[in-house]
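There are 2 protein chains.
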Amino acid sequence: MERLFQPGKVGVIGVSPSLENLGRNIVWNLIRFGFPGEVVCYGRRPGCIYGHRIYDNLQHLPPDIDVAVILLPAPRVPDVVEHLSRRGTQRFIIETGGFSEYGAEGEEMEKALKNLAQERKLKIVGPNCIGVTDRVSGLVTSFMPLDPSKIRPGPVAVVAQSGGVGLSYVNLLCEEGLGISKFVSMGNKLILNETDFLHHLETDPHTKMVLLYLESISNGRAFYQVLKGMDKPVVVHKSNVTEASAQIARFHTAALATKEEVLTGAIAQAGKIRALNNSQALAAIKALCLPPLKGNNLAIVSRSGGEAVLAADAAGSMGFQLPPYPQPFLRFVRNLFRAGVIRPTNPLDLGDLFDIVKYPEIIEEIAKEETFHGVVFLIQLFDREWELVEHIMKKTSEICQTYQKPISLFLGGDHQRVIKAKAQGIHPIFNSPHEAVEAMGFLLTPPRSPRTSY
Amino acid sequence: MERLFQPGKVGVIGVSPSLENLGRNIVWNLIRFGFPGEVVCYGRRPGCIYGHRIYDNLQHLPPDIDVAVILLPAPRVPDVVEHLSRRGTQRFIIETGGFSEYGAEGEEMEKALKNLAQERKLKIVGPNCIGVTDRVSGLVTSFMPLDPSKIRPGPVAVVAQSGGVGLSYVNLLCEEGLGISKFVSMGNKLILNETDFLHHLETDPHTKMVLLYLESISNGRAFYQVLKGMDKPVVVHKSNVTEASAQIARFHTAALATKEEVLTGAIAQAGKIRALNNSQALAAIKALCLPPLKGNNLAIVSRSGGEAVLAADAAGSMGFQLPPYPQPFLRFVRNLFRAGVIRPTNPLDLGDLFDIVKYPEIIEEIAKEETFHGVVFLIQLFDREWELVEHIMKKTSEICQTYQKPISLFLGGDHQRVIKAKAQGIHPIFNSPHEAVEAMGFLLTPPRSPRTSY
Numbered sequence: 180m181e182r183l184f185q186p187g188k189v190g191v192i193g194v195s196p197s198l199e200n201l202g203r204n205i206v207w208n209l210i211r212f213g214f215p216g217e218v219v220c221y222g223r224r225p226g227c228i229y230g231h232r233i234y235d236n237l238q239h240l241p242p243d244i245d246v247a248v249i250l251l252p253a254p255r256v257p258d259v260v261e262h263l264s265r266r267g268t269q270r271f272i273i274e275t276g277g278f279s280e281y282g283a284e285g286e287e288m289e290k291a292l293k294n295l296a297q298e299r300k301l302k303i304v305g306p307n308c309i310g311v312t313d314r315v316s317g318l319v320t321s322f323m324p325l326d327p328s329k330i331r332p333g334p335v336a337v338v339a340q341s342g343g344v345g346l347s348y349v350n351l352l353c354e355e356g357l358g359i360s361k362f363v364s365m366g367n368k369l370i371l372n373e374t375d376f377l378h379h380l381e382t383d384p385h386t387k388m389v390l391l392y393l394e395s396i397s398n399g400r401a402f403y404q405v406l407k408g409m410d411k412p413v414v415v416h417k418s419n420v421t422e423a424s425a426q427i428a429r430f431h432t433a434a435l436a437t438k439e440e441v442l443t444g445a446i447a448q449a450g451k452i453r454a455l456n457n458s459q460a461l462a463a464i465k466a467l468c469l470p471p472l473k474g475n476n477l478a479i480v481s482r483s484g485g486e487a488v489l490a491a492d493a494a495g496s497m498g499f500q501l502p503p504y505p506q507p508f509l510r511f512v513r514n515l516f517r518a519g520v521i522r523p524t525n526p527l528d529l530g531d532l533f534d535i536v537k538y539p540e541i542i543e544e545i546a547k548e549e550t551f552h553g554v555v556f557l558i559q560l561f562d563r564e565w566e567l568v569e570h571i572m573k574k575t576s577e578i579c580q581t582y583q584k585p586i587s588l589f590l591g592g593d594h595q596r597v598i599k600a601k602a603q604g605i606h607p608i609f610n611s612p613h614e615a616v617e618a619m620g621f622l623l624t625p626p627r628s629p630r631t632s633y
Numbered sequence: 180m181e182r183l184f185q186p187g188k189v190g191v192i193g194v195s196p197s198l199e200n201l202g203r204n205i206v207w208n209l210i211r212f213g214f215p216g217e218v219v220c221y222g223r224r225p226g227c228i229y230g231h232r233i234y235d236n237l238q239h240l241p242p243d244i245d246v247a248v249i250l251l252p253a254p255r256v257p258d259v260v261e262h263l264s265r266r267g268t269q270r271f272i273i274e275t276g277g278f279s280e281y282g283a284e285g286e287e288m289e290k291a292l293k294n295l296a297q298e299r300k301l302k303i304v305g306p307n308c309i310g311v312t313d314r315v316s317g318l319v320t321s322f323m324p325l326d327p328s329k330i331r332p333g334p335v336a337v338v339a340q341s342g343g344v345g346l347s348y349v350n351l352l353c354e355e356g357l358g359i360s361k362f363v364s365m366g367n368k369l370i371l372n373e374t375d376f377l378h379h380l381e382t383d384p385h386t387k388m389v390l391l392y393l394e395s396i397s398n399g400r401a402f403y404q405v406l407k408g409m410d411k412p413v414v415v416h417k418s419n420v421t422e423a424s425a426q427i428a429r430f431h432t433a434a435l436a437t438k439e440e441v442l443t444g445a446i447a448q449a450g451k452i453r454a455l456n457n458s459q460a461l462a463a464i465k466a467l468c469l470p471p472l473k474g475n476n477l478a479i480v481s482r483s484g485g486e487a488v489l490a491a492d493a494a495g496s497m498g499f500q501l502p503p504y505p506q507p508f509l510r511f512v513r514n515l516f517r518a519g520v521i522r523p524t525n526p527l528d529l530g531d532l533f534d535i536v537k538y539p540e541i542i543e544e545i546a547k548e549e550t551f552h553g554v555v556f557l558i559q560l561f562d563r564e565w566e567l568v569e570h571i572m573k574k575t576s577e578i579c580q581t582y583q584k585p586i587s588l589f590l591g592g593d594h595q596r597v598i599k600a601k602a603q604g605i606h607p608i609f610n611s612p613h614e615a616v617e618a619m620g621f622l623l624t625p626p627r628s629p630r631t632s633y
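Protein sequences, first through last, are from chains W and E.
So the first sequence is numbered by our numbering: it starts at 180 and just counts up by one.
So the second sequence is numbered by our numbering: it starts at 180 and just counts up by one.
Please keep in mind that the hints were generated in silico from the structure rather than gathered at the bench.
Note that the coordinates shown come from a computational prediction; the quantities given were computed from them, not determined experimentally.
Please note that a few of the clues may not be correct.
One copy or two, either will do: identical chains are not told apart, so a pair holds if it fits within one copy or between any two.
[Unchecked claim] In silico DMTMM-like links for lysine to aspartate or glutamate, alpha-carbon gap of 25 Å or less:
1) Lys-329 with Glu-564
2) Lys-537 with Glu-199
3) Lys-547 with Asp-534
4) Lys-599 with Asp-326
5) Lys-599 with Glu-540
6) Lys-473 with Glu-422
7) Lys-599 with Glu-354
8) Lys-599 with Glu-569
9) Lys-329 with Asp-562
Model the full structure from these sequences, guided by the hints.
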C-alpha cells in the first residue's frame, strides 16, 4: 500500500500528444507536482509528450513499473493489466470509465478484471476514477489538470467515491487554509475500498484527520471495525440516501443503497462523525482542528447583538448551556468600556467596545474561567480594522492552545477579506454564527450533530 | 415616508472632529455615497468636519431639516428631538443605544420619546440602530464607515432589526452580484417598524424584492396584512426562536419572543418565504431572481456524477419529480459524445463531454421540453475552461428568459473564480448542488422550504 502512494516508477498507459488526450494531463500533473520518480508513457502511436517518449508497444516498457495508471478504452483494460502484471506490476490505478456502472457488458469486463486481480493479488484503485493525489510524494494521477499553487499540503486526507465531489472538497479545504495530505478517488471500488484506505491512513504520519465521501459502503462490518479502531477523527459524508438518487448513483460509481439508520448508528458508535451535506462536512473538519470540548457550557462573545441572538438560537437548538459570566470577569470587561455599562448576558454583546485589540484579551479572560468549556467568538470588522485580523486570529489560536479549549471564530464584514484571512490558515473561520456554534458539537465526545436535512 | 429616504437637508446631531467620534462617520458616508442634499452638523463643541461647520448651538441650525440623524448620549435625546421637532423637523433617525434595551431607566426615556412622537406625529427610525442606507438617493447614515465600491445598487431591499446582521446581508448580497436598493436598520422599532417599511417598499420602483431580518414582530396582525397584500416577494428571516436567545434579544433590540408556529403559518399563508438561517435566506433571494417554477418536474444536468447524486438526494428530499428525458433529446445529446454512449438517467451525467461550450446547448434543448418545469445545472470548471464562464452564465440567463423557466446554476472548481463569477451579477450562482435544488422550492406557488434547523 505504501508503494501505491510513493512509487519509484510510474507508467502512464493511454497517452498521446493530441490536445484532447486526457492521459497527457496525468503526465503534466506528475511534472507540475514535482513527482521525483521516473515516468514512462505508453500510447497507441509512438511520439513524445513533455519530453517523454511514448512507447507504442507494451513489451518495450521497462519491467519494474510500481504503479500503472491506465486510461484506455474499457475493453482494452483487462488485457493490458494482464500483460503488465505478468511483467511484475502489482499496483494499478484504472481511471477508465465504462465498467459495471455502464451495464451488463461493462460488468462482465469488471468481473474478469476482478478475477485476475484476486488471482495475482493486484491492488487496484478504480476503475472509473481520477486516482491518487499525494501532496507529499508528488504522485498526482488526475486526468484533469490540477494546480499545485491551489492544492496545498495539509493535514486532511480526502477519500471519495466520486472524483468530482472529492475535488470540490479538496478545493474548499485548501481555501479554508487547511490543505490535504492525500486525495484518493475510489470510483467503482473494484478491489480497494474505503476500508483499505482508512487502514493505510491510520498510520500515515501526514494525515491528522480524514474526510470520506461515499455513495455506498463496500463492506459494512469491515468499515465499522476500521472506523472504531481508528484514533484519528473521521468525517463521513454519505450520499445516495433517497430513491431519487439510487439510479444515478448506480450509473455513476455502481453504488448500491445502504440502510441509512444502521449506518448513522454505526458511525456514531465508532465515535466518528456523519455529515449529511457538504457544508456540514467542511464545518466538522474545520472544527476538528480545535481542541476537544470537555463539557456542555459555552461562552458566546459577539460584536453584533443580532449575531449574538443567532448564535444563542443555535446553542439552544443544539442543547448547549450558556451559563452567566462570573462577576470578576464582568468587572474586568466593564473597565474596558467608555461608559462603563455592559449588559451581563451570555452571549456577551460587545457592540459598544470599539477598541478591537481588547477583544482577544476578553476571550483569554473567559478561557481562564473553569465554568466555560469553549468560546464562540463572533466579530465583524470594518475598514482599517481589517489590519488587525491577523493579530486576532493568532491570539485566538494561542489562547486555544494555552488553555486547551476550543474557540470557534466567525468573521463578519467584507467577504473578500474573510476569504483572504481564511487562506492564511492561522485559525479556522466559520461561515456563520450558527455554524460557529454547531462546530462545537463535533468536538464533544461523542460528537453531537446539528439537525439538518440529508 | 418618501422624504425619509430622500431628504433635501439632513442634520447630523452628535459630531466632533475627534477620530473616536462616530457621528463623523455619518457625515463621511453621506459624502462618499454622493448624497446630493445639504448636510448640517451639530456637536457639543464648535469645529469643522470634512469642510462642514459644526454648530454647537441647536438654535443656530437652519430650521428646515428634513431628517435629523441623532447620535448623542441617550439622556440628551428626548430634549433634542423636542427642540428640533418644534422647529419643524418631523423625521428622525435615532442611532443612540441605551434605551429600553438597557433596562428601566432607558425604558422611561423611550416612553417619553414615544409620547412626544405620537403627540407631534414624528416618524422615528430606531433608536439603537444604524439607520438608513439608500443606494439610490445617497442617504447613508450608518455610524460605521461603509464603502460605496462594495455596497452596490441593486434590486433587493434589506430591512433588519439588527444593524450587524443587516450589514452582513448587505455585504453578502453584493458579493452575490445582486446589490441593494435600500437597507434599513430598525433597532428598537419605537415608532417605525417592519410594517411601515414594507408598506413603503411596496411602491418603491427600485425594489424588486425584500429581505427582512426580525428578532420580534411589532404587530402580528398588521404584519400579516401587509405581507399578504404585497406583490413583491419577501423573505423573512426571524431569529430569537429559543429560550437561549430570549434574554440577549431583549437586551439587543428590546425584542420579545413570538409564537413561532403561528408566525411560520402566517408567512406561508401570505405566500411569502420564511428562512430559518442566513444561508437559506440568501439562497431564497438568489432564487427569486429566476422565473417562477410552474410545476414539480425538474431536469438535473451535471458534469460530475457525484454532484448529480447529491442533487438527486436533495430533489428526493424536497419532493421534486425527476422524469426521464424524452428519446429525441437523448439522441441529440448522444450525438455530442465522442463515444456516442450516454446513460439515459435524470440526473444526466455529462462527465464524458469535455466540450464545455456544448453544455448551454443541452440546457436549451431541455428548456424546450414541456415535461420539465425547471433545470438544475451543475458544472465544474478546470483551468482554462474558466475563460468560458461568462459565456455559460450569459447563455443560462438568456435561456431562463426565453423559456421563462428557472435554471439554477451551481459552479464548482476554483472558489476564487466562482466568487469573481458571482460578482459579475449575470446569473445567480448557488453554493452547492443541494442548494441549487432547494432554490427551486422557493419558486413554487406556494413556496416550499427545505427541512433545516432554525
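* Asked: Which hint numbers doesn't this structure obey?
  -> none
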